[in-house]
Amino acid sequence: MSRVFDWSQLSATEQQAALARPELADSAVLGEQVRAIINTVRQQGDAALVAFSKQFDGLTANPLRLSVQTKMAQLNKLLPERKAAIELAYDNIRKFHAAQLPRDIEVETSAGVMCQLKSRAIAAVGLYIPGGSAPLPSTVLMLGVPAQLAGCERIVLVTPPGKPEAGDIAAEILYAAELCGINEIYTIGGAQAIAALAYGTQTIAKVDKIFGPGNRYVTEAKQQVSQDAKGAQIDMPAGPSEVLVLADNSANPAFVAADLLSQAEHGPDSQVILVSDSAALIDAVQAEVVSQLARLPRKDIASAALSHSRYILTADLAQAVAVTNAYAPEHLIVQTAVDDELTEQFNSAASIFVGKWTPESAGDYASGTNHVLPTYGYSKTVSSLSLADFYRRFTVQKLTAQGMRNIGPAIVTLAEAESLDAHANAVRLRLAELNNSN
1 MSRVFDWSQL
11 SATEQQAALA
21 RPELADSAVL
31 GEQVRAIINT
41 VRQQGDAALV
51 AFSKQFDGLT
61 ANPLRLSVQT
71 KMAQLNKLLP
81 ERKAAIELAY
91 DNIRKFHAAQ
101 LPRDIEVETS
111 AGVMCQLKSR
121 AIAAVGLYIP
131 GGSAPLPSTV
141 LMLGVPAQLA
151 GCERIVLVTP
161 PGKPEAGDIA
171 AEILYAAELC
181 GINEIYTIGG
191 AQAIAALAYG
201 TQTIAKVDKI
211 FGPGNRYVTE
221 AKQQVSQDAK
231 GAQIDMPAGP
241 SEVLVLADNS
251 ANPAFVAADL
261 LSQAEHGPDS
271 QVILVSDSAA
281 LIDAVQAEVV
291 SQLARLPRKD
301 IASAALSHSR
311 YILTADLAQA
321 VAVTNAYAPE
331 HLIVQTAVDD
341 ELTEQFNSAA
351 SIFVGKWTPE
361 SAGDYASGTN
371 HVLPTYGYSK
381 TVSSLSLADF
391 YRRFTVQKLT
401 AQGMRNIGPA
411 IVTLAEAESL
421 DAHANAVRLR
431 LAELNNSN
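Residue numbering for the sequence shown follows the numbering used here, beginning at 1 and increasing consecutively.
Worth double-checking, as some hints may not be accurate.
Calculated cross-link-like contacts (lysine-lysine; reagent style DSS-like; alpha-carbon spacing at most 25 Å) [stated by the list, open to error]:
(1) Lys95 - Lys356
(2) Lys380 - Lys398
(3) Lys299 - Lys356
What follows is a list of derived Cβ distance ranges for each label pair [claimed, not checked]:
(4) Ala304 - Leu101: 38 to 48 Å
(5) Glu14 - Glu418: 23 to 33 Å
(6) Arg393 - Gln227: 42 to 52 Å
(7) Lys77 - Ser11: 53 to 63 Å
(8) Lys54 - Ala304: 22 to 32 Å
(9) Gln223 - Ala326: 17 to 27 Å
(10) Ala304 - Glu344: 27 to 37 Å
(11) Gln223 - Gln15: 25 to 35 Å
(12) Val4 - Arg393: 38 to 48 Å
(13) Ala229 - Glu341: 40 to 50 Å
(14) Glu341 - Leu414: 45 to 55 Å
(15) Ala362 - Glu14: 47 to 57 Å
(16) Pro63 - Leu414: 55 to 65 Å
In case anyone wonders, no lab produced these hints; they're calculated from the structure.
These numbers come from a predicted model, not from an experiment.
Positions of the beta carbon are idealized from the N, C-alpha and C atoms, including for glycine.
All chains should be built: construct the whole structure from the sequences, respecting the hints.
Okay, structure coming up:
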């Protein structure tokens, strides 16, 4: 069971240790393994992807691109209630992200000097959708909807092939992709899929930016290709999933325990933390965790996550807020008698869930916000995924003759101050031309 820490009794070093994330094991070995996979894909293309499908997925053949016939056969298996749930989630996610559509701006900074900020959709994006034991159609929506709204010319989806057939991809994933207008789907997963998206193969053309979560091989591959000028950019750095629940004695212990376990079941390296000013609540939540854990199908995974999770007792809610801000959680759930007051005090969480009726599951699936979030403390500086991530922004400026007269002399002065005479000369020549024309 997770340890209980009395925050006020800890030294600064002990407080830092109490908020430490699980270590990412074998990073050097992992890096070499992933680098070898990426290089093989770059050298051998499709042949490498087929070979890796045989090695990792047990497939004797993989056509790579999902055929229309296979897709339709899978879609026909979709249960009506799941179809309706996907549609509801799609509608809410689309509403929230449509409100984020960027608007170009134009400002006349000086007379005759016009400056513009424009946004244009990234041309080609690759969406990585985890498969395996827990396929994630919700992630298709979280990535596909903003790509669709942004108007990206090419949206590519890659997802691990099912076993034993390459076409055995969850119908829920395919229906979510259908709603998002995604028709280019490849049955590949792992680091090899990231390599194919970043560098291209005979069948898969490279993309400009890669989005989506994955296991540690996928995460490492994304980091490596993003550091190569010939590779592709990525959405954000990522680590194991995590949640911090801040609750006082007014909270429902069963709700708090359920929220902790909903994150713990993601994986053995997930981390869950309860921060509270109430020892009684912590005791009640611990008992609830034991009771609910026993009934979970993924209890072994959740138990492993709980082994490095924390219960932290604070002197008051102000200290609880300070602990929360120091940790910078991916998900923050607030269940107190003063939720709205506290919410304004948080400055580092990636996504906040306020009140007893707002489980993290709401954001994971259907509230409308995006569930692709920075983890491992990155949320102190990295924002949650939004529509803006599917655009590139650039500036435009235009000077009239009057504009050159107004700011030209200042440009020359500043260029001379920086000893960049060619910069200054580009303006001097124009000013001279204007003076000669008078």
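Results of checking the hints against the structure:
About 24 Å separates the Cα atoms of lysine 95 and lysine 356, which keeps this hinted pair within 25 Å; it holds. Pair hint lysine 380 plus lysine 398 does not hold up; C-alpha atoms about 37 Å apart against a cutoff of 25 Å. The straight-line distance between the Cα atoms of lysine 299 and lysine 356 is roughly 24 Å, inside the 25 Å bound, and the hint therefore holds. Between alanine 304 and leucine 101 the beta carbons are some 42 Å apart, a value that agrees with the proposed interval 38 to 48 Å.
The hinted window of 23 to 33 Å between glutamate 14 and glutamate 418 is violated, with their beta carbons roughly 49 Å apart. A hinted range of 42 to 52 Å for the beta carbons of arginine 393 and glutamine 227 is inconsistent with their spacing of about 22 Å. For the hinted restraint 53 to 63 Å between lysine 77 and serine 11, the CB-CB distance of approximately 57 Å keeps it satisfied. The hinted range of 22 to 32 Å is satisfied by lysine 54 and alanine 304, whose Cβ atoms lie roughly 30 Å apart.
The hint said 17 to 27 Å for the Cβ distance between glutamine 223 and alanine 326, and at roughly 25 Å that hint holds. Taking 27 to 37 Å as the suggested C-beta distance range, the pair alanine 304 and glutamate 344 conforms, at roughly 36 Å. Evaluation of the 25 to 35 Å hint for glutamine 223 and glutamine 15 yields a pass: the beta carbon distance comes to about 29 Å. Here the CB-CB span from valine 4 to arginine 393 is close to 47 Å, well matched to the stated 38 to 48 Å.
For alanine 229 paired with glutamate 341, a C-beta distance near 48 Å keeps the hint of 40 to 50 Å intact. Take glutamate 341 and leucine 414: their Cβ atoms lie about 47 Å apart, and the range 45 to 55 Å holds. The hinted range of 47 to 57 Å is not satisfied by alanine 362 and glutamate 14, whose Cβ atoms lie roughly 35 Å apart. Distance hint for proline 63 and leucine 414: a CB-CB separation of about 60 Å, consistent with the stated range 55 to 65 Å.
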